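Enquirer: The opening position of the sequence shown corresponds to residue 108 in the working numbering, with each subsequent residue numbered one higher.
No lab work stands behind these hints, which were simulated from the structure alone.
Among these hints, one or two may not hold up.
[Unchecked claim] Capping the alpha-carbon separation at 20 Å, the derived lysine to any residue pairs in SDA-like fashion look like this:
1) 330 with 235
2) 284 with 220
3) 222 with 295
4) 314 with 286
5) 284 with 309
6) 305 with 256
7) 319 with 331
8) 305 with 223
9) 222 with 252
10) 314 with 324
11) 314 with 326
12) 244 with 233
13) 222 with 196
14) 319 with 275
15) 330 with 309
16) 305 with 295
17) 314 with 235
18) 244 with 278
19) 314 with 267
20) 244 with 225
21) 319 with 218
22) 305 with 282
23) 244 with 277
24) 244 with 326
25) 305 with 251
26) 314 with 260
This one's a predicted model, so the numbers in the text were calculated from it and none came from an experiment.
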Amino acid sequence: MKRRSLLGVLIIVVGIIILLGNLDYIDTGDIFGTYWPLVIVAIGLVNLLDRHGSKMFASILIIVGAVLQLEELDIEVLQDVNIYEFIFPAIIILVGLWIIIPRASREKINRMDSKDVIDHISIFSGRDVINNSSDFKGGNLFTVFGGIDVDLTQANILSHEPIVIDVFAAFGGIELKVPIDWRVEYHGISLFGGADNKTVLSAQNNKVLIIKGLVIFGGLDIKN
């Protein structure tokens with residue numbers, strides 16, 4: 108199963124659980140209270156299926172999530188040890204190692220893209236994309252704890268109607284570079300984050316790009 112399909116299935120499952128809880132068929136409080144570590148495992152699996160993602164962090168997430176889940180189920184992994192006392196310092200140590208150890212997987216993936224519609228997902232990883240489509244038609248950008256840089260300065264818009272890019276950034280950032288003759292409008296929502304449109308308005312802005320979506324604890328930077 109591809110990472111995007113897996114992510115979609117996971118979201119559908121969560122939605123079904125919430126729906127059944129609202130209809131009083133199940134107690135969602137008990138389910139989410141007991142099985143919340145599976146969310147960590149799921150994020151790890153999604154990143155593991157991403158060939159551009161960090162396999163190290165994916166493996167760590169899966170292991171940590173699995174251990175926490177065993178603890179929630181009262182299955183002792185380590186005798187007389189409270190696993191929660193080790194989570195926070197372990198995260199700090201891992202972040203430190205992540206900073207000082209040079210790894211190819213940490214580097215952003217540079218990619219040339221000629222597709223008319225872009226569709227990129229970045230979870231715990233980074234991605235640089237240069238798009239040179241001659242008839243750009245928009246797309247989707249999704250990042251969680253990661254970053255996506257998209258260079259559209261070599262792309263062209265033929266449509267006389269506005270082109271739309273849907274974005275979602277949580278604890279991560281998205282940067283868009285657009286040609287000088289594009290007019291960019293941001294119609295999204297920012298919660299504990301920011302969206303900065305630095306593009307220049309001029310008489311040449313005869314091609315319209317609309318950015319929609321949600322930024323949570325992250326950032327969106329748009330410039331020429």
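Enquirer: Name the hints, by number, that the structure is in violation of.
Expert: 3, 8, 9, 10, 11, 12, 13, 17, 18, 21, 23, 24, 25
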